[in-house]
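Participant: Sequence:
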Amino acid sequence: MAEQEKYEESELYRIRHSTAHVMAQAVLAIFPEAKYTIGPPVENGFYYDFDLPRTLTPDDLKKIQKKMRKTLSQKHTFDKRVLSADEAREIFKDQPYKLELIDGLEDGGYDEYGNKLDETPDISIYTHDDFVDLCRGPHVESTEQINPKALKLMNVAGAYWRGDENNKQLQRIYGTIWKSKQELDDYLWQLEEAKKRDHRKLGKELDIFTFDEEVGPGLPLWLPNGAVIIEELEQLAKQMERDAGYDQVRSPHLTKEDLFMRSGHLPYYAESMYPPMEMEGANYYIKPMNCPMHHKIFAARQHSYRDLPIRLSEYGTCYRYEKSGELFGLMRVRSMQMNDAHIYCSEEQFEEEFMAVIDLYLKYFEIFGIDKYIMRFSTHSKEGLGKKYVDNEALWEKTEEMVRKAMKNGGVNYVEVEDEAAFYGPKIDVQVWSAIGKEFTLATNQVDFAVPPKFDLNFINAQGEEETPLCIHRAPLSTHERMVGFLIEHYAGAFPVWLSPVQATIIPITDSHLDYAYDMLKKLKKAGIRAEVASDSSRMNAKIRKAQKQKVPYMLIVGDAELEAGAVALRKRDGEDKGAIPVDEFIDIAKQAIADRAQP
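Under the numbering used here, think of the first position of the sequence shown as -1, with each following residue one higher.
The set of hints was computed from the structure by calculation and includes no laboratory data. We put the CB at the ideal spot given by N, CA and C, even for glycine. Careful: at least some of the hints might be erroneous.
[Claimed, not checked] Taking lysine-lysine and the DSBU-like style, the derived pairs with C-alpha atoms no more than 35 Å apart in a straight line are:
{"id": "1", "residue 1": "521", "residue 2": "370"}
{"id": "2", "residue 1": "589", "residue 2": "570"}
{"id": "3", "residue 1": "544", "residue 2": "521"}
[Unchecked claim] Derived DEER-like restraints, expressed as beta-carbon distance ranges:
{"id": "4", "residue 1": "7", "residue 2": "61", "range": "44 to 52 Å"}
{"id": "5", "residue 1": "416", "residue 2": "8", "range": "18 to 26 Å"}
{"id": "6", "residue 1": "562", "residue 2": "248", "range": "52 to 60 Å"}
{"id": "7", "residue 1": "589", "residue 2": "321", "range": "45 to 53 Å"}
{"id": "8", "residue 1": "238", "residue 2": "465", "range": "26 to 34 Å"}
{"id": "9", "residue 1": "57", "residue 2": "321", "range": "35 to 43 Å"}
Starting from the given sequences, assemble the full structure and let the hints guide the process.
Facilitator: See the structure below:
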């Protein structure tokens, strides 16, 4: 069962739905002339949309919340009644938005956004205290099941009726409620911590990346600090791929239209591609993915079954057109550096190769300190065949069963989600949680049964016959953009030593210690440690605070005593003062932390 379906069947979902009704009741008590619309539960709370006589203020939210808590402290049951459309119209005769919803339900079953439902539902109302709402439910039995101390109204935002910008703009009040006050406190802490860790904020403060309107939205510029992080990630990936038997390849940034027509990407993916350029009578597209190029590389020579599996990896840049409103820092961009590879194998080799990719994910999770993750197995839907998916039901069922078998044999826990596959085959998407419990989508592992035949890819099997290989698309580090964004938030900018753009800052107490500081800088750089000298004219404590703010792992303070002893006074960014140690001892400490890729 999908996670959303589980949530919709949970007690917490019913609590939030019921609390949305209590909020609507409170708003109408304060604003009797208000028109109320819909109020569903959402991932971490609920909202309700209102047409109000004036703009709400923070003081209004306090009054609404106070009235809600009073209602929740009393005993009111949530009573359901099924009724006719005419009866419903009489109850809501002064509520135009409810009347519109009733019309939609009566005219064949349309939801609040005008989408046709699978079947025409009953028209029902829920009543608690003196408040009545048009609603399908579900709700808790009584307000006694809702903890008023676990409630908080969060903010007000604008929202168009039925999500249509041609309709009137309403005011949407967001709230959150949990089963206990402790859960509420934990959630509010997480929100505050997430603000501090926001990769857009820290990315600017730590000089990692920037955007510029003259360059274009969604096209990040990597500053020197960001380039260091990307280089370290790439070196890590290349090392792990060499160990796993991958071969590095490279491909151009653009190609003729015919290639994407042959692969099938244009029919399914055109809206996410930049428009073509016409040159010498041919259309060229800037590439949104590497796979068609890799298919051509595989096809460049004949292969025997003895050559397989063939694993081709590339660190190229791809370009995808994301709508302006969907761009979000490094998480949704238009230019992306792909940690991309394609594995060509026989059916007999599939399970081993597929699970080797899953094992690669787990190694990365250990390196980055990712403790919580979910493997989402995305399958096709029969209704999407020929439209959203390649039209071959037999191959879909066969390939999906191969993935299920591999995951079960490998003892990997997963959730299965229908209608989220790639157009050419099923896939595993990996959801991970950062150190503060924020969810991200990172890695992907996709099976392609459809495109290799289009490129006439084959190998000579043991019987001397041509056979089409399966292709596994994998990107265990996602794009570098999304991965760096995740890591910034995961580590709150305090990267482990191996990833830190500056690993040590040498802080001379006075200008008379600058020569010693620069001699030490040469020694650290020779040892492979990224270091800098704080040579500005500010005081030592100000230099220390600046290095801490920049999340530098090591601060090396040098004065007369250190100069005489050939030592450094080592202070860590968490404030721990290790005192004076020989320079060579510090170099050994830093090199060991880098080699181990130790957590902060």
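Participant: Could you run down the list of hints and mark each one as holding or not?
Facilitator: Evaluated hints:
Pair hint residue 521 plus residue 370 does not hold up; C-alpha atoms about 40 Å apart against a cutoff of 35 Å. Between residue 589 and residue 570 the alpha-carbon distance is near 15 Å, which keeps this suggested pair within the 35 Å criterion. A distance of roughly 23 Å separates the Cα atoms of residue 544 and residue 521; the hinted pair therefore holds under the 35 Å criterion. Taking the beta carbon of each, residue 7 and residue 61 are about 34 Å apart, not inside 44 to 52 Å as hinted.
Between residue 416 and residue 8, the C-beta spacing of about 20 Å keeps the proposed range 18 to 26 Å intact. Separated by about 53 Å at the C-beta atoms, residue 562 and residue 248 satisfy the suggested range of 52 to 60 Å. Between residue 589 and residue 321 the Cβ separation comes to about 46 Å, which falls inside the hinted range of 45 to 53 Å. The hinted range of 26 to 34 Å is satisfied by residue 238 and residue 465, whose Cβ atoms lie roughly 29 Å apart.
Range check, residue 57 to residue 321: Cβ separation about 36 Å, and the 35 to 43 Å hint holds.
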